[in-house]
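Asker: Each chain, letter by letter, is given below.
Protein chains: 2
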Amino acid sequence: MSDLKERIELANKEALKRMINSKLYWIDIRKAIDTCPGMEDHMIMHAGPPTTWERMGSAQKHACLGIIQYEGWAKTPEEAEKLAASGEIKFSPCHEHNTVGSMTGATGPSTPVIVVKNEEYGNEAYCHFYENPDPRKLSFGYYDSYVHDSLKWIEDVLAPVMKAVVAKTGPFDVKRIISRALFMGDELHSRSFAATSLFSLEISPYLQEIDFDRKDRRDVADFIRRAEQFFLHFGMAGSKATADAAHGIPYSTIVTGIARNGVDTGIRVSGLPGRWFTGPASPITGLFFGNYTLDDAQPDMGDSAITETTGLGCSAHAASPALGLTKGSVDMALQYTQRFQSITIGSNPAYSIPQLSGGGSPLGIDIRKVIATGTVPTINTGIAHKNGGQIGVGNSKVPMEAFTKAIAAFKEEYQT
Amino acid sequence: MSDLKERIELANKEALKRMINSKLYWIDIRKAIDTCPGMEDHMIMHAGPPTTWERMGSAQKHACLGIIQYEGWAKTPEEAEKLAASGEIKFSPCHEHNTVGSMTGATGPSTPVIVVKNEEYGNEAYCHFYENPDPRKLSFGYYDSYVHDSLKWIEDVLAPVMKAVVAKTGPFDVKRIISRALFMGDELHSRSFAATSLFSLEISPYLQEIDFDRKDRRDVADFIRRAEQFFLHFGMAGSKATADAAHGIPYSTIVTGIARNGVDTGIRVSGLPGRWFTGPASPITGLFFGNYTLDDAQPDMGDSAITETTGLGCSAHAASPALGLTKGSVDMALQYTQRFQSITIGSNPAYSIPQLSGGGSPLGIDIRKVIATGTVPTINTGIAHKNGGQIGVGNSKVPMEAFTKAIAAFKEEYQT
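Going down the list, the protein sequences come from chains A and B. Quick note on numbering: the first sequence equals residues 1 to 416 in the working numbering. Quick note on numbering: the second sequence equals residues 1 to 416 in the working numbering.
Since the hints were made in silico from the structure, they are not lab data. Note that the coordinates shown come from a computational prediction; the quantities given were computed from them, not determined experimentally. Check each hint, because a few of them may be wrong.
It does not matter which identical chain is meant; a pair holds if it fits inside one copy or across any two.
Claimed, not checked - Derived lysine-lysine pairs resembling DSS-like cross-links, with alpha carbons at most 25 Å apart:
(1) LYS163 / LYS215
(2) LYS23 / LYS215
(3) LYS411 / LYS175
(4) LYS405 / LYS168
(5) LYS90 / LYS13
(6) LYS17 / LYS215
(7) LYS17 / LYS168
(8) LYS168 / LYS215
(9) LYS215 / LYS405
(10) LYS369 / LYS75
(11) LYS397 / LYS152
(12) LYS386 / LYS168
(13) LYS75 / LYS31
(14) LYS175 / LYS13
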């Protein structure tokens, strides 16, 4: 084995070990401005690789205009648009603030975030709350008085209630919920229903203990009951805390982030820390609600593909034949996972899957294997309308261009 | 086709249709004496076919002595034993009172029961509550002050709280929970964890609305959190309401009940209503807790095999590779279900299973097919110590003798 190859293997082994050994605990709810490193006033964090107001996709723009109004920086959509274009608002990728955001990912200073700590490596990661089972939501690029009120309820009721709950439960084991849910039909990206049920089961007694009005406690329980994807955002923060622990290992060719802003899809690579390698965001094949079609859809968007980076989502698809996309077919679901097996260097024993005879889900996407096999990672994802709102669920692909750029950068970094 | 054969086919089709069309709603909690037809003072209902105090297995005897003391009919175990042997206590199978009981099945007049109504056919069925995650429980033949206090809490807190909850929710769809849980790793007999989680998720808001002390509401939420099998007893009542709707169809050879009392295992057949066909209760192969072995175990016991009669439990084992017995093996779990396919006449579209490509679980055990194939139904079950308490989980078999007796009786009834 060449010296370089050996260094890469060792580095990748270390990256895999860190992801496997990560211990993920939900510990708090805080405002983004108080906890996300580098978050500032008049800054909006967004999903995906870096972008500018000019380059930003329309769904993400709509969400940013929503944040500007919600934060009170402007009173009307027109004023908000003017401000956004003025250069006075900073746009920055969630990923660069130890944060992930769903779909548009739009996160303002006052947005409450779920705090997940990786107890093994000490790092924290953050994600906003799941917003609403309704298609109208800021995370999907929609903003009006209904969305404003939803966000206000999250800030004023859901967030304080959940903060009080976690103060009662103590550090709450996120990984244990994920492990159990993988035996219960979830892949923890497009389906988090078992995880949400388990979460509800676990917090239910504590929800009785906290000192809040009965109506608030009741409304929170009912919100979780109606929100099958509620736990996804805890899982996303957990996945980010996992991937970040494996980021920045010299010589490692392991992917530690996949993120899409609706225009560009970017990957992060452990051995090339702080850099993005991008290609065009792919269209999404999937099931469209009502009469919507691909023409209505914003291309691939969201930081939620952090789940695919850590052995969940499409990587764990075999666990989730119930997911609508594979129409209940065990074989079809298994094929998605097998595709991940061809581009990963190992598996996660904590994320074991019945359809793999209890074997772990594929873990550690190696940019070299993607190039060698010509197989790019597939992502299970939601579909946003260009003008905002959810219009479907489907699959997208990470563009090969991101990997060819990454491998070139890797050669430049380590072979000169 | 002979005339008799045709009549049987038509009758069996009707039996299957009734089981499939059953609509199962939890509607109330009541005391057994107030609702189970034929229940009287100084009567104890028990699991399995009819028996006498003399013939009764020791675990079931222990449970009956517990009921006698709990009901206040005797003050000490010795007094209770004397009373039981005196002939002053009536012992009667749960099944003959539209009721099913877990393991020993011991149900007294004051025992609170879950009321499930089959809205399609108008019949009701009843089952006591899941008692305790602790191995010490009356349902497993154990009685002491700890068990007394558990039962008292069920009567004084759990039952009234759940009665108030269902008054808030209105008729609660049991079949919907079962259908979803089958896509989440449950087979609804030895594993009802997903169903329990879904149940908790659904009732959680209502548990906030009812007018009970916070401590009671909290304790109930915590009890359900710790009791992975909590929903089993709702499913059992639902299965009984399903099977009873198909009982008593002339010419039908479909099994409408499998029940064991720890000494005898009996089956009920639709076309031979009100009769039992029995053979010796089988030993249980399985996983024993701690150092317990088969020598410590009471043979097969409980009415919970009503689940196997209606397409759940071992019939739906393919849905539950997570179940400890098959050690996570998808293939092994599937084999159990395939065995049921060889002795059933159809499948239940409402109980669809991912590992059958979304096909329904095998439904309608035909005594003719059991005889023809030589394959008896297998049951997923708990294991009780002879002297009471849970010591394991495993599989048992319905004795062939029950089927040979049933087929002989059928011939006598319909071929003369």
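Asker: All the hints need checking, so say for each whether the structure fits it.
Answerer: A quick look at each hint next to the structure:
Taking the closest pair of Cα atoms, LYS163 and LYS215 come within 25 Å of each other both inside a single copy (17 Å) and across two copies (21 Å). Taking the shortest alpha-carbon separations for LYS23 and LYS215, neither the intra-copy value of 34 Å nor the inter-copy value of 32 Å comes in at or below 25 Å. With identical chains, the CA atoms of LYS411 and LYS175 are never at most 25 Å apart, being 35 Å at best within one copy and 59 Å at best between copies. Taking the closest pair of Cα atoms, LYS405 and LYS168 never come within 25 Å of each other, the shortest separation being 47 Å inside a single copy and 59 Å across copies.
Within a single copy, LYS90 and LYS13 get their C-alpha atoms no closer than 37 Å, and across copies no closer than 69 Å, so neither meets the 25 Å cut-off. Taking identical chains as interchangeable, the C-alpha atoms of LYS17 and LYS215 are never at most 25 Å apart, the minima being 45 Å within one chain and 44 Å between chains. Taking the shortest alpha-carbon separations for LYS17 and LYS168, neither the intra-copy value of 32 Å nor the inter-copy value of 50 Å comes in at or below 25 Å. Both within a single protomer and between protomers do LYS168 and LYS215 lie at most 25 Å apart by alpha-carbon distance, with minima of 19 Å and 15 Å respectively.
Taking the shortest Cα distances, LYS215 and LYS405 never come within 25 Å of each other, neither inside one copy (53 Å) nor across copies (60 Å). Taking the shortest alpha-carbon separations for LYS369 and LYS75, neither the intra-copy value of 50 Å nor the inter-copy value of 74 Å comes in at or below 25 Å. Proximity of LYS397 and LYS152 under a CA criterion of 25 Å is satisfied in neither setting, with 34 Å inside one chain copy and 58 Å between copies. Neither within a single protomer nor between protomers do LYS386 and LYS168 lie at most 25 Å apart by alpha-carbon distance, with minima of 41 Å and 41 Å respectively.
Taking the shortest alpha-carbon separations for LYS75 and LYS31, only the intra-copy value of 22 Å comes in at or below 25 Å, while the best inter-copy value is 61 Å. In this assembly of identical chains, LYS175 and LYS13 lie within 25 Å of each other by CA distance solely inside one copy; the values are 21 Å within and 47 Å between copies.
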